[in-house]
Amino acid sequence: MLNWWLPENVATFGDEIDWLFHLIYWITGITFVLVAVTFLAFLFLYRDRPGRRARYTHGSTPLEIAWTVTPTLILVVLTFLSLPAWSRIKMSMPQTDFVVQVRAKQFNWEFTYPGADGKFGTPDDKTFLDEMHVPTGKPVRINLGARDVIHSFFVPQFRFKQDAVPGREIAAWFEVRKPGKYEAPCAELCGFGHSGMKAWVFAHAGADYDTWAAENLKGEAAPAAAGAKPADATPADAKPADAKPVKTEEKAKR
Amino acid sequence: MSATTVHGHAAHAEHEHHDLGFIRTYVFSTDHKMIAKQFLFMGLFMLIIGGALALVVRWQLAWPETPVPGLGMILTETGGVIEPSHYNMAFTMHATIMIFFVVMPILAGAFGNFLIPLQIGARDMAFPTLNMLSFWTTFPAALIMIAGFFVPGGHAAAGWTSYTPLSSVAQYTGVNWGQNLWCISLFVMGVGSMMGSINYITTIINMRAPGMSLFRMPLALWSLFITAILLLLALPVLTSAAAMLLFDRTLGTNWFNPSQGGEPLLWQHLFWYFGHPEVYILILPAMGIASEILPVFCRKPIFGYHAMAFSMIGIAFLSWIVYGHHMFVSGMNPMLGLTFTITTMIIAVPSAIKTFNWLGTLWGGRITFPPPMLFALGFVSMFVIGGLSGIFMASTPVDIYIQDTYFIVAHIHYVVFGGSIMGAFAAIYFWFPKMFGRMTNNALGHVHFWLTIVAFNVTFFPMHIIGVGGQMRRIYNPMQYEFLQHQQHWNVIMTVGALVLGFSQILFAINFLMSIASGKKAPANPWNANTLEWLAESPPPHLNWGPRIPTVYRGPYEYSSPEGPEDWLPQDRLVVASSS
Amino acid sequence: METTAATRAVTHILPGKVGVWWFLASEVMLFGGLIGSFIVSRLGSSGWSGEAAHLSVPVAAINTLVLLTSSMTMVMAFGAVEKGDPRGLRTYLFLTVLLGLTFLGIKAYEYSSEVAAGFTPVTGLFWSFYYTMTGLHALHVLAGIITNLALFVMARRGLRNQHRVELAGLYWHFVDIVWIFLFPLLYLT
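Residue numbers (our numbering), protein chains in the order written: chain F, 1 to 254; chain B, 1001 to 1580; chain U, 2001 to 2189.
These are computed hints drawn from the structure, not numbers from a lab.
Each hint should be verified, as a subset may be incorrect.
What the hints assert, rightly or not - If you anchor each label on the Cβ, the simulated ranges turn out as follows:
1) 77(F) / 1211(B): 42 to 48 Å
2) 2046(U) / 84(F): 34 to 40 Å
3) 48(F) / 1450(B): 16 to 22 Å
4) 2046(U) / 119(F): 32 to 38 Å
5) 44(F) / 1211(B): 37 to 43 Å
6) 1450(B) / 32(F): 18 to 24 Å
7) 70(F) / 1454(B): 56 to 62 Å
8) 1025(B) / 2108(U): 44 to 50 Å
9) 61(F) / 1052(B): 35 to 41 Å
10) 30(F) / 2039(U): 41 to 47 Å
11) 2082(U) / 1317(B): 36 to 42 Å
12) 32(F) / 1073(B): 40 to 46 Å
To be verified - Listed below are several chain U residues computed to face chain B (Cβ distance under 10 Å; list not exhaustive):
13) 2018
14) 2040
15) 2064
16) 2118
17) 2119
18) 2129
Cβ atoms here follow ideal geometry from the backbone N, Cα and C, with glycine treated the same way.
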């Protein structure tokens, strides 16, 4: 049933996350059914009827031990099953030459490519607004930062999420398996324009990515279809996608 | 102090009380029962405000950018349509009010105050004047919080979690004095809570009646005792964090401002170090209340009394070392993610123990279903769901996906509404006769329960679904996202549920108020329950007991005991037994 | 402490004392929040020792001695209570108040010279911490002074609830201990 609701996973480590998700779903689901059935059965079986007397007991130490040890074991196992995935996703960085600098600001995502020289902060960098292009089949490293408040880069179909914190740069990675167009909303409240703040991640199969890169990363900084702006746009200029413009002196709210 | 001096004082005080006048009896009362009612009324009133804010949020999510009925008069410029900035304020204040000014005042403030002296056989709290001050500090804090709605720039809008620098730099939200008042209000509320906690702890340690050992205390008292300790130790951390936030905003310090060398994550560490014990503060009293009510209506002892007490102590200890699970993707060192996963998984164990013991209490019982029992059963069942959903988030990799989605919102509401609020309703129905000397209307109570539990699940269960689907928290319009559009119908269903849920509470309000005014007079012990409060009249007089305080001979849950002819055996009844 | 309720102290410890101990526990958490934040920020930063060099260690050391002495006079005040010596009680309470005021006076002198040198709470993170932590501490010292003064006034009329001196003493020692932490953290690291 989980698969009805989960968006399709197209990234490599998404498999591990989904596997754990399903495991916990079954464990909690079965537990819930067992508890609920027991609960309802008891309410029915032991309802008051004429002549009924309740059983006078203070408990059962063997049962206490059993239902302490069993959940503990299950949870400890779950913990050990979770740690490797976490370690792989958040505590290691696969070797890759594909790096994009991501900067979040109220209320856009800026994606900067290093250009031919492979270095950031040089004149041949190219920046796009709210649009990221990546190749499939290759780990993509992002250096995530924020210009004002905390944002969060969330790509549901990659099972990827990482907060972007002002004042620090956080390295994260993902690897996409399937070409397509994937929505990347901001997942940390960042102001009145939080809702609607999102980027699109376009994943291209190898050759198609090279075509895109040739057209867009070399030569003049060609604005992408969504409308790129220079990287030094200030928060005051940002217009959130669908929300109304803010009035800085707002009248008293009731 | 000798016993005779003590009783001399008590009798003398009894006479004094008659001349106290309206203000000292009803306003600045030092009687714990009156203070309890003050907290209860304040909490129930704030519940209306918090609930109304929730309905605003739900309306916007179901029918984005359509006018909310009734708001056209207030939001004249937009014709009743909520703007994104109002929306942010609505969910921020919904949570802030519910947590600090509804659940805490009702469970800890009202029931802590009402039950502690009565259940331990004391005449009042250890420090009655301090008790009066604790209400009269909390109430102004509530007023300060409400004032924030009326200042230019509106109220705080950075979430109840108030992450910096969104909350510490006014320019990022456009909110000015609202956020400052938020800080000040919580500061003052913290002081009031701490006063109450000192009172509860001292009273329970020092003023138990003869024979009332710690392990003969009702579990409600255990839960309130542990809650008070958590409050006392956790709130000061919020206080210092709120002060730092206020200084950043008003004095120009930069604790949380990265552009001046501050650290945004410092706020998160401080806030959640307080915040996680805080959520156990919200649930523990409800657990104690359920443990009180279930034995009464099963007519048998609580299953595993010692396990129940120790599991609450375990929860309290563990609550300090799990807080990082709120910060798994925050940029905190991922190594800490490993440690916090372990502790977070483990903290599920004591709650599981409690659930099994509640089931054990039902087993073999003689169960009846008046409204207090219905709500107590509602508490147990909804808490199970809320607790199980927590396991998903405990696993760090899964939390990568779930963090900041509606799955979390589902979890929160199953434990705080399905847990704490259902516990509060159970407590109100159960102790209403003792508090007000009247019975509530039984039929209305049943209807209130069924409407509430069905509407509650319609409102909150689908949040698991849309959360798994990826819907983020705190967004204003899900239709702005292509990947969410296919599940928008759930938002409509949930809002309809929320409207039914909200309006069902009117039944409760009617029952509550009408019963106070003209309910059937209540006997001292309408439930044939064992604990000491049922010995006193309904309502108990000033100083609770007559000339002598009770002496305790047994534990609180001796129902269907072979020692006595009836299926209940009060704690204070001396049984001349032929065998032990 | 007097109450209208029956104070049958199960643990044979006076309710007031139990109350004060738990209150001090909450104070530990209050200062702990700030001190913890300071330590973490200090470890993660560089260059703060430079800022701390602008504080005057000798002046603060004198202040430390002042506060320690006041704790001693507080102990002696309580000793006077136990010995049934009302005059001694008044003398030592008075001395404690005096020493407390001296502490605050020296602190005020420190603050004014630091502000004159251009170091205010908004000058930088170190200074925000410094002023907030010592300021919060100073407020607590002030509260203690007021309490001790109130006890002094009551003692002149013949103090009935003499265990209040013990409770005030507990609080005063706590305030002293907090300073023992603040002094090395702020001035000596």
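Here's how the hints hold up against the structure:
For residue 77(F) and residue 1211(B), the hinted distance range of 42 to 48 Å is satisfied, since their beta carbons lie about 45 Å from each other. Checked against the given bound of 34 to 40 Å, the beta carbons of residue 2046(U) and residue 84(F), roughly 36 Å apart, stay inside it. In this structure the hint that residue 48(F) and residue 1450(B) lie 16 to 22 Å apart at CB holds, the actual value being about 19 Å. Against the hinted window of 32 to 38 Å, the Cβ-Cβ separation of residue 2046(U) and residue 119(F) comes to about 27 Å, which falls outside the hint.
For residue 44(F) and residue 1211(B), the hinted distance range of 37 to 43 Å is satisfied, since their beta carbons lie about 38 Å from each other. For the pair residue 1450(B) and residue 32(F), the beta carbons lie near 21 Å from each other, so the given range of 18 to 24 Å is met. A beta carbon spacing of about 32 Å between residue 70(F) and residue 1454(B) contradicts the range 56 to 62 Å that was offered as a hint. Here the CB-CB span from residue 1025(B) to residue 2108(U) is close to 46 Å, well matched to the stated 44 to 50 Å.
Between residue 61(F) and residue 1052(B) the beta carbon distance is about 49 Å. The supplied range of 35 to 41 Å is therefore violated. Range check, residue 30(F) to residue 2039(U): about 46 Å between beta-carbon atoms, so the 41 to 47 Å window is met. The supplied range of 36 to 42 Å is met by residue 2082(U) and residue 1317(B), whose beta-carbon atoms lie about 38 Å from each other. Between residue 32(F) and residue 1073(B) the beta carbon distance is about 45 Å. The supplied range of 40 to 46 Å therefore holds.
Because the closest C-beta pair between residue 2018(U) and chain B is about 4 Å apart, less than 10 Å, the hint holds. With its C-beta approaching chain B no nearer than about 7 Å, residue 2040(U) sits inside the 10 Å limit, and its interface hint holds. For residue 2064(U), the interface hint is violated, the least distance from its beta-carbon to any beta-carbon of chain B being 23 Å, above 10 Å. The restraint placing residue 2118(U) at the interface with chain B is violated, with a minimum CB-CB distance near 14 Å, outside the 10 Å limit.
Annotation: interface hint on residue 2119(U) violated; nearest CB of chain B at approximately 13 Å, more than 10 Å. Given the 10 Å rule on beta carbons, the hint for residue 2129(U) holds: about 8 Å separates it from the nearest Cβ of chain B.
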